[in-house]
Structures are given as structure tokens and as C-alpha cells.
Amino acid sequence: MTAKRLAPAGRVPRVLWLPAALALALVTLPVVGLLLRTDYARLPSLLTSAASLHALRLSLSTAALSTVLCVLLGVPLAVVLARSALRGVRVLRAVVLLPLVLPPVVGGFALLYTLGRTGFVGYLLDVTTGIQVPFTTGAVVIAQTFVAMPFLVVSVEGALRATGEDYERVAATLGARPSTVFSRVTCPLLLPALGSGVVLSFARALGEFGATITFAGSLEGVTRTLPLEVYNQASVNIDSAVALSLLLIVIAILVIVVARPRSIEGVRA
Amino acid sequence: MTGLHATLRLRRDGFALDVALNVPDTGVLAVLGPNGSGKSTLLDCLAGLLRPAEASVSIGGTDVTGLPPPERRVGLLRQDPLLFPHLSVLDNVAFGPRSRGSGRQRARELARRWLDEIGVAEFADRRPARLSGGQAQRVALARALATDPALLLLDEPLAALDVDAAPAMRAALRSVLRQRQPGRVAVVVTHDPLDAISLADHVLVLADGQVVEQGPTRSVLAAPRTGFTARIAGLNLVAGEAGPDGLRVGDQLLSGVLAEDAVVAEPAVAVFPPHAVSVYPRDDAPHGSPRNTAPATVGSVEPHGPVIRLRATADGQGWTSGVAADLTPAAVADLGIDVGSRVLLSVKAAAVEVHPANP
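If you're matching them up, the sequences are chains A and B in order. For what it's worth, the working numbering labels the leading residue of the first sequence as 1, then goes sequentially. For what it's worth, the working numbering labels the leading residue of the second sequence as 1, then goes sequentially.
By construction, these hints were calculated from the structure, which means they are not laboratory data. Predicted, not measured: the structure shown is a model, and the values here were computed from it. C-beta atoms are modelled at their ideal positions from N, C-alpha and C, and glycine is treated no differently. Please note that the accuracy of each hint is not assured.
[As the list claims (entries may be wrong)] Cβ-to-Cβ under 7 Å is the rule here; a few derived chain B residues that face chain A:
{"#": "1", "residue": "Leu49"}
{"#": "2", "residue": "Leu82"}
{"#": "3", "residue": "Ser99"}
{"#": "4", "residue": "Thr147"}
If we strip away everything but chain A, and leave its shape as in the complex, we get (with noise of 0.2 Å):
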């Protein structure tokens, strides 16, 4: 019966094929461009230069640590907004989404303010511990940490909210206890929502570029990122820029064929 009001497979209206195909011109075009520009000659010597080298050393360990990060802190948090019946929760969710819709830059400037040595929290790790957070790699991973996070949470947070707890309430009345009911449980169920949400947080954590910028600096081998080498590069050797930005493709590439087609589709598995 149903089937029989939708549309046929392949008829879709011709008014939507133009603004289709220059949405995925726009998408694929620029990355055409970029390996046309690209000097394949010398793309080796320039991949592996001391300040290239250092950068994707900096950028992989950092986006590591702050996916690391993201989950140790986040999976908690999308437990919490998931299924806490506090009142305050559905305001707490908007916030959580913050950094996913603030300009990073802005993002740096509020870290820089809150942990720079003027900044209240800075100002007491300075005073109490003698620690100084920006413009160090630490500050990076925070950076990182502030605008990943979100992509975490939301895909732990949806999977939670979409599965409900009557896995949890059928695995307690056949006698699971709720530690057995979380590892055997919540958490297998999760895991495919958890592994689209680390592929996507080590992704944003990866091409951070503003608030890293702001809040951590661009020193070479302690803050300067891959990204950051990539706009530093370009006022000076544009062939080297072309060379790293094509890494990042690469390395994006895979991120999608790693985490297609669950995470970035969406599905449930």
C-alpha cells in the first residue's frame, strides 16, 4: 500500500539537478584544484622537511590525546544528558553544543580568558601550582578537546537517547546487576556510536585551526599544528603549503572510509 505512494527509484525532479551538481562542484572542485597545483616532483622531499615532519608528529599526537580526551569526559557527560532527570538538563545540552557552532577563533579567545594568566582559572593553576597553560602543546590538546567534544557527545548522546533503557531494564530483570548491565550492556551497544564519534572528534581535533591559533600559538614543534604549518607555509613556500594541504586530504579521506558508512551517514547499527 505504501510502497505504492513513493516516488519510483530514480525520479527525482529535474528542477533539484542543477543546484545538486554545483553543490558537489563546490565540494570536489576545489580538491581538483589542489592537486593540479600540486609539484608531485618534489612532494616527497617536501612531506618529509624537519618543520612538515614536526607538524604532523604534533598534529597526530595531539588529536590522539584530545579524542582520548573527548571520550574519557564526554561519554560521561552524553550518560548524564541522556539520562538524568534533572531539570537543567535540556539547557545543559544547547551548551554542549556551543563549540560546535562558535567560530573557533572566538573559542580561543574564551580559553585564553579563562586559563591565560589574567584569566580567573589561570590565574589560580599560576599562583597555586605555577602552571601556565597557553601557547604550550597542552594548550593545543585543550583547544582541540573544546571544539571535538561536541561531535562526541552528540553521536554518544543520540545513540543512548534512540536505544532507551529497556535493554537495561530487560538485562536487570534476568538477574544482570547494573555494573554487568553497563560493561555487557549499554556499552557494546554503543559502540558503534562511539566509534563514529571518535572518527569524527579525532577529524575536527585534526583540522583545528583557529582556536588553536589563538589560545596556543604557532611555535614550531609545540603548538604549530599541521594546519597552522599549512597558513604559515603559504606567505613562504606555497609549493610546500599545496604539499601539506594535500596530506590533510589524504589523511580526511581516510577518516571517511574509516568511519563510513554508520557514523557519517547516521545509521544505527
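Following the hints, position chain B against chain A.
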């Protein structure tokens, strides 16, 4: 004090549940009621998923009032089978025994036995996603039974199944519930009176969180004492014994269509809607003489939506005892029917279904 004994008072969001129930050991209680009457809430309270302010629940002689669900020895089967999607069918069923302390091997053995018992052993290695709705629900039944529950709670176990899948599940439920296993009590929530007839020996009818009627299944459903029960039952139920082509009630035969699982000479119930019953004056036997015609006395005449529903007096004489018939207001006026009128009731054999009844 074996069996299930519970007193529950729960108040939340303007809803109040106030139920006292007693089910003897090996008994099966059907809980009937409309949506929102508190049926599922009642089950959640018995399972320990909800803790009412005032409650006392004892299962199989143990007071479980303060105990959380894992310590209550209950098995819960809902409308949705809720098989854990990340575990194979076998491990789903083994989950309960594992959680209650059995080793992996022992739990799997138990699981295999129960899958076999319910007739779904062939799916043991499948993922739940590769089962049909009916198969998944039978696996869920095996999973609930594998923990050897003292209280089996079934929350509309047939409601989500389509017409083709329901009979296998109903048969599985019936065979489980008919075993009358000592030390086990079952509570089945349903909105289908047929389920209550075929599965339960007692019914409890809930409305707005209150018990409006309670008693042996057939006497409650066949002779509802409240309009509410009559509305939800809505069908004529006549108890008797299945015959080769109908239902034997005393020395009368009510011709009808036997359900596939009805067995001749076993207890059965004939079911037919009130609008299938025709009414004639006592001195004017119908032409063509349908086989199912018998005398009755009108016990009540009440408006029922757009029609008038007559109910024969429950005199225990033959199949017309307590039977309801729907007539148009004009027909009632033409026939001059009133309480106490003596009439003939007639029902077409094709409208009468004969289902096996719980003994």
C-alpha cells in the same frame, strides 16, 4: 504462602495505581484493560523496575518488596522482544543464567535446552537482526524462561506480531503456561480477551489504575459485571467442550468453525460478536431455520453506541445464557422487546469461532 501476592499503591503524574492481587502457585493471571489503565505499570512494579511508595510483593513465599529486579527471580517479556542486538540468539538466552552466576558452558547448555523447548533451536547462531518478529519474540520467551523465573511477566507478548506470526507464539506461550510448573506463576497483560481465554485461568480487569473486576476467566468475561468489562470483552463467550463441528454446551450443540488448535472433546470457548446474533419472538421461529436457534429471556436492554444491546439472563441453560445481541432501536420497537421478554436467539454458524480454552 506460595504463589504471587501483591498490594501496590503508586501515585505519579496524576495517575494512581491501587491493586491487590493473589495468584496461587502455577496459576496464570490475565490483566485486561484499555491503554493507560496501568497494566504495564503494574508489571513494572511486580518486576521491581518501579518502586511504589506503598507496596508489598511476595513471590513464591519470599518477600521481595525491597529487592531490585536482579534479585526478584522474575522473567519479563514485552511487546518488543528487545533481544540484545550485539549477542547471538544463543548468547541472548544464556545472558540470564550467566548473570545469575552460571559458567559460560553451563549457561549455553541451558540456553540450548530452552531454545529447543520453545522450538527455535535452529536460530541459535543467528544475530537477532536476522530473525522475523515472531521468531524474535519466541527467542525472547526462551530468554525469559532460561532464568527459571518464579514469576513470569508477559506484557502484551502478541500485540506487535502480525496475523501470520501470532499463532506460533500463542502456541509457544500456551504450551509453556499449560505446563503448570510448580513454583511458577505467570501474569499476562493483554487487551485481547481471546488471549485471556486461551492462556489464563484468572483475569483481573484494570481501569484507571483500579481493579474493576477479578475472578475466573470465563465467568468474568462471559458474564461481565461491569459495563467496562463488557465493552472491552465486547464478544459473546460461551464455554463448553469442542465437538467435531462446533461447541457442545450441556445437551445443545452450537455449530461453528473450529480454530486450528481446537481439540475435540477438550474444553473450548465459542466466540461470536453480538451483532451476529438475531432475535425473534418466541412464537415466530425464523425461516430457513438456522441450526443455532435457542430460547432465552431478555435480562437487560441498554443503548450501546448507535445500537441497542440486549443481554439474555444468565440462567445457565444452554448457550444463550448471558449472550448479548445488538439490534437497531427500530427493531427493538417492532419486536416489542423489554426486560423479561421471552425470545429466540439465533446465530449463523459461520460467525461462531470455537477456540480451545484454558482447562
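Exercise. So which hints don't hold here, by number, going up?
Worked result: none
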